[in-house]
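Going down the list, the protein sequences come from chains F and V. Heads up, the first sequence is in the numbering used here, so the first residue is 14 and it goes up one at a time. Heads up, the second sequence is in the numbering used here, so the first residue is 6 and it goes up one at a time.
Where hints are given, some of them may not hold.
Calculated pairs, BS3-like style, for lysine-lysine (alpha carbon to alpha carbon, straight line, at most 30 angstroms) [as the list claims (entries may be wrong)]: (1) V/LYS103 to F/LYS156; (2) F/LYS439 to F/LYS230; (3) V/LYS12 to F/LYS150; (4) V/LYS24 to F/LYS285; (5) F/LYS126 to F/LYS110; (6) F/LYS49 to V/LYS194; (7) F/LYS284 to V/LYS234; (8) V/LYS24 to V/LYS194; (9) V/LYS103 to V/LYS12; (10) V/LYS239 to F/LYS411; (11) F/LYS285 to F/LYS239; (12) F/LYS156 to V/LYS409; (13) F/LYS49 to V/LYS409; (14) F/LYS20 to F/LYS150; (15) F/LYS230 to V/LYS103; (16) V/LYS12 to F/LYS40; (17) F/LYS284 to F/LYS242; (18) V/LYS286 to F/LYS20.
Everything labelled a hint here was simulated from the structure, so no lab data went into it.
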Amino acid sequence: MKDLLTKITNAATEKFGAEYAEARAQKLFKTSFTMKEGRVEAAKQGIENGVALRALVKGSWGFASVGSLNTEILTDAISDACAMAKQASSRLKNPIKLAETKAVEDHVQVKPKRNPSEISIEDKLKTASLTNDVTLKCDRRVKSCTIDYFDLTGTSYFTNNEGTYLEQDKLYVWSRLTASALQNGVFAFSREEIGSTSGYEIFDKETPEIIGERLAKRAILQLSAKSPKGGTFPAVLGPNVVGVFVHEAFGHLAEADLALSGGVLANNLGKKIASDVVTFYDDGTINGAFGSFKYDDEGVPAKKTLLIKDGVVTGLMNNRETAQKFSVEPTGNARAEDFRVEPIIRMRNTYMAPRDCSFEELIEDVDFGYYFKSFRGGQANLDGTFQVGIQEAYEIVKGEVGEPIRDASISGNTLETLLKVDAAGKDFELSAGRCGKGQTAFIGDGGPNIRVREVIVGGSA
Amino acid sequence: MVAVLEKEFMLSLAENAVKTALRRGAAEAETFVYEGKATNIGIERGQITKSDRILDRGIGVRIQVNKAIGFAYTNIVENQKAIEEAIGKALDAAHASKPDKDWKGLPEKKTYAPIENTFDQKILELHSNDLVNVASRMLDAAVEADKRVFPIEGGCGAAYVSNAIANSNGVSGFDRATLIECSLATLAKEGNTVTPVCFEFSAERDNNIDPEWVGKEAARLAVSALKTKRIETKNYELIFTQFALQELLYYTLVNAVKADNVERNQSPFKDKLGTQVGSEKLNIYDDGLFPGGLRTGMFDGEGTPHQKTLLMEKGVLRSFLYDNYTARKAGKESTGNGSRAGYLSTPSVEATNFHILPGNKTADELLSEIDDGLIVCYLQGAHSSNPVNGEFSVVATPAWRIRKGKVEHATRGVMLAGNIFELLKNINEVSNNERKMGQLVSPWLRVANVKVIGK
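Just chain V, same shape as in the assembly:
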């Protein structure tokens, strides 16, 4: 990868832009400087076909005038004029907006705790040749596992992200991180049967991924989806793996604990603090400091230190997630959940590492205790769940039938329907096979009595 911008340079860019904004009439100002670099190798239809690199830099400026907020950004950071222009546009946007009576200021300066395992110099030094090698190992592992497997797409990538933040209250921070990942989507073909797409990946902040495992697993899952049988419509005991949980919870549970939704009457958890909202097996933290977590960093998108926030303790709701605005509106402290999509956006409430704590049983034990049930890996349509009341109606593509503690066969196109908040109460076991997946860190969850519509 090409040389990166120095910490001192990014911080001075951010701090100088704050000064300029104040000089030009902003009552408060905050600037966010971003640099992202990535190199990727792409696999299409069984072979490596492409390589790309992206370099994206920019600065976002948030200012307050008369309690009205304006924001502007530019991706031209080497040119002072472009930054001046962005500041002007942010001021214009604020002048065009009405005052917000709930605005109580930008975050104050706080000290940042050290974080572990988020940066690895080795990833920065990887060349596209090294990544071609990683992708090849993954691809070979998949194809050699079984002749019926067809890798349809995937690849591997190495990325570096750094950001600097400054505001008119003296907040000043710089953080950098690396990520390496590889992934493979496969399907298996036999005669006229084509399986649904199966997927596996490995992603880490240090140069320590396992491409062979990804290839083998992606192949194994696809092959195991070949033999299908229909199942009858009734209520089953279900195991949700991390893939399914990631989909299902993102649009429902994670939304319900965001203070923004709570304050705006869009969460069923309003007025539920201190009450039992889930099974006693359920313990959840939002942990922005989780060592090696895929969303771990020193601070959030508005410079508030990341922290570990207890959300659910033995099923009892303990806290919501706040950014600076929602926290001050509620008379609380920000939990460091003001998230931001690079330099292009203003902060909004988002989970960091949404950590469902593991239990004591192994995955095999969880499975072996099921008399008649399903294990659900991939879901289709979770994004169409009702984000306000938690109703979901999704397709499992595929799910595997469990009889007397053993996985028997796959089943295709069955639908699962219910309410996520009811489902949380019916969790009867949590395994110990924790895994990081995007913002989720979770084991498998076993749930009793879920409505399954067979085909």
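Same shape as in the complex, but just chain F:
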């Protein structure tokens, strides 16, 4: 593979006028299925081989993706990529340059306790089937259970004309589970998501009994929940909600490409924008976490990147292109979903560092507010407006957790809200998730419980 890919990148620089060229090949094997009330729609297995070629010519990018490892087809594709880059550069005012990185050669192997590629489909279906049974049998009001399962194994190869050559084993195990409950015409809905890069052993910890019960009980709880009030309230956010808040509300703004696009963080580097208890990281090095990897898709080692320290913005997530603009080192955040697409700046495991409050201390001073425990989805805008949809929440009344509420969401301006975070807990959880930015990336996010003096609650009551 090394010889083939090197030949292609050499052709780019020697024959087709490229300043820089890289080739990223993948041989992937995927298994997936969807199970609905114990019925498998179709167990699926897929093989995907392909190469992504990228070249910088006269300061513009050219990119070609092909599902082939044939030398002739690849040479043709890199020639096209270079020609297209040249055409794209015709009106370029600010040519793209890349930050320098050290050339590296490495072979990264994964050593799972239980390799998903060695586990039979029967076993995978059996685990899902057990989870389904636990969920549906937990309570008669649970009416449906959908389980999506996915795993990926294989190898990714990377080379560029600067002498970097990497072979990395890839391993992802992921499952999303949803359940609905129905009582007297009231519908409720609950979701769970788990993911790991260490191996199928994730299901030894997240067993069918544990996940199934959590999923079912949350749906049941919603049946008796009431709608929240709409307005501004104090809130305690659970680790799962904090994770999404850090990812959506802050993380995207700290992606250097978005910061350069006019996001509100570009002018705030080195400035205090959050309260003292706020420290955020984006960390690609956590063993087994869903957003971890050794080298990114530009061949840069993944780092643990400090984004905010005690309220002060300390860094952004950079690829080689944005790192050059900011005169910093790239952080290893360039990721591509597969060989069909180019690498872009993506988060890895993004989280808030814990502090020292107990949960009781966080809620004891709240006269009336909400405890947002688990999220359903979230989204942010470059102007700093965030929204997080909530699937499990409770009232806080006179310092105690009260009745459940359903289908709320919270919103606000990120920078204003970060200043209002006035306490953080000592517990910590990291969750697996997926992030969409044109492409899908596997990520992790998390944090402790935190208290926010006020957020906007979008409730209809």
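Dock chain V against the given chain F, drawing on the hints supplied.
Coordinates of chain V only, in the frame set by chain F:
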């Protein structure tokens, strides 16, 4: 773009793979051969910075053995061994699965109706130079419209997709389509004020898009979002434009009419056929044959002919959307809604062109009749709506205030909360400015009495 695979070649690939699967022990087999090619020009931070091309081919094989289903795919189609291997993996997957008592067979052979305006040879012949030109015209139009506008990203692309399907009941079909589109995301800056991201696009199946209009509109929207005022929390009359509807309806209403969700107790429309579920102003079709529609094609992902299905007539629920499996389970005919993401997936129920019929009034008339309300263009967080009960709680980024029939100013970060199924009943007017947007074909909708949480 490079040469495409011929119809005869793709069909023979599909048909031969069906034969091989049957020979190797499948009771039923279906194969789906896909080819997709695209050329794109990318804009980042005010300038054209990149160009890419993608060529993706593959074959997906769905087989049935003892009423258990297996599926496998490969993107290596030039190699017979790889296809054989995929067939083997599909058989393995079926052998590993339990029988499904509701499985009543793959679709039968039917004739396909002709479709209009889905393929344009001119798009196939476009070079990246032509697309650089389109992107430049769009970019220039935006920047020249107003100095405060900053185009953050966008681009244009031309794509060709073809697919061939075959199954052991004699289904055999080939279809091809083209698409060209350009889009621009902008924001406006003035002093310390940065607007939310505003977005506009143009997409067509024939080589007939309007990049200058996209650039101007994207700029106009961003500038109009600069001056904001707060509004009070109360119930307002709202206009939802197509952008907002696309977000809001996809996760709620479209889910509710899928037979799969109905049969599985996940739709509030269960047992509601023939009853009033929406305003009398609401007429909706799912129309897989809509001329020039962005989801128009001859057949669905399992070779069932596309059709025009009446879903809602004057607010009365008339039908659900079926693929072959859900239809046979319910004793009905598939409505041609077995959708598929290329060769990588098995079919699942999805709308084609979800067509909300236009009314008689112009957009301006709809606006001018509002005394105190908002026009909502972009929503944030619609995907976190409750897909089962329709509860939503989203942010409008931004919305524009309407007073006495005139758009007065933008407002930022306000939240809208309610239930989509209640909202459908409160639609009091539908405009005539129909527009295609992804799977949605719709005019604006005006809704009375929506809870808005001001900031």
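Numbered hints the structure breaks, given as an ascending list: 3, 4, 5, 6, 8, 9, 11, 12, 13, 14, 17 and 18
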